[in-house]
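Undergrad: Given next are the chains, with one letter for each unit.
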Amino acid sequence: MTSVESVDPAMTDRMWSRITRALVDTGRPPHYAELARALGVSPAESRTILHAVLQAYPIGWVHPDTDYIASFPPLNGLPTQYRVTVRGEQKWFAQCGFEATSVTWLFPGERVRTDVACLDCGDPLAVEMLDGRLTRVDPPTVVGHLNYGFGPSRGRTPYL
Amino acid sequence: MNLFRSEEHARRWEAFRQESEEGFIALPDLAGLFGTESRRHMLDADYLSRWYPLRAAERRDYLARIGKTSPFWLGTPAPSA
Numbered sequence: 006m007t008s009v010e011s012v013d014p015a016m017t018d019r020m021w022s023r024i025t026r027a028l029v030d031t032g033r034p035p036h037y038a039e040l041a042r043a044l045g046v047s048p049a050e051s052r053t054i055l056h057a058v059l060q061a062y063p064i065g066w067v068h069p070d071t072d073y074i075a076s077f078p079p080l081n082g083l084p085t086q087y088r089v090t091v092r093g094e095q096k097w098f099a100q101c102g103f104e105a106t107s108v109t110w111l112f113p114g115e116r117v118r119t120d121v122a123c124l125d126c127g128d129p130l131a132v133e134m135l136d137g138r139l140t141r142v143d144p145p146t147v148v149g150h151l152n153y154g155f156g157p158s159r160g161r162t163p164y165l
Numbered sequence: 513m514n515l516f517r518s519e520e521h522a523r524r525w526e527a528f529r530q531e532s533e534e535g536f537i538a539l540p541d542l543a544g545l546f547g548t549e550s551r552r553h554m555l556d557a558d559y560l561s562r563w564y565p566l567r568a569a570e571r572r573d574y575l576a577r578i579g580k581t582s583p584f585w586l587g588t589p590a591p592s593a
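Sequence order for the protein chains is A and B.
Here the first sequence stands for residues 6 to 165, numbered as in this note's numbering.
Here the second sequence stands for residues 513 to 593, numbered as in this note's numbering.
Simulated from the structure, these hints should not be mistaken for lab results.
Mixed in with the good hints there might be a few duds.
As the list claims (entries may be wrong) - Just the calculated beta-carbon pair ranges, DEER-fashion:
no., chain 1, residue 1, chain 2, residue 2, range
1, B, Gln530, A, Ala15, 14 to 22 Å
2, B, Ser582, A, Ala43, 38 to 46 Å
3, A, Asp143, B, Glu531, 25 to 33 Å
4, B, Glu526, A, Asp70, 24 to 32 Å
5, B, Thr581, A, Asp128, 18 to 26 Å
6, A, Cys126, B, Gln530, 25 to 33 Å
Claimed, not checked - Covered stretches of chain A, going by a simulated chain B footprint (3 or more residues, C-beta under 8 Å):
no., stretch
7, 12-21
8, 35-49
9, 89-98
10, 103-113
11, 121-133
Ideal placement from N, C-alpha and C gives every residue a C-beta, glycine not left out.
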């Protein structure tokens, strides 16, 4: 395997699932070298597969100038202000406030709470969901805001 | 793509862009936008190849249903661009 373009889509599926499962199970993204054996490839091949995954899934990204997965939505490796709690344990972060409402689909049958400090006043906000339904919003006035439009007009990814 | 205590709090945010005045979305609408069919398959083994490619069309359809059809939301070039 020499190029990202030559990676079998079945392999990118397998890596995408492994990364997501690791995030769900541990709250952190794995390194490509950790995934190599499970995928039956060398670490170098695993790195190529990782970049093929990110080419197919460009809403995730590695930290600049590294191969460390920083963001893999809806969850994030790098801590954000969107702290996610499941079963009383806070060990996850959502990529952004919008993706926070999608984390519920990674934890079927579980209450998923996102706690966040308002960027204006710092007051605590809480949004709880169960299988896609909003079960608690505190305060009820909480609103989503897109600062840059989707698509070509979007700003730098981490600062949308 | 943030959550704020209210619209007024968003407008007071130091990084708020005047062009984003149309960028508000009610939480139930947001949960719907990020809860379309493909999102419900993120734990499937073939999510990336089978479900992820459906997201863009789902998003456009959902945004149209809630009346957000401007270039800002649909990701299409603005008429003046």
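Undergrad: Tell me the hint numbers this structure goes against, listed in increasing order.
TA: Hints 1, 5, 6, 8, 9 contradicted; others consistent.
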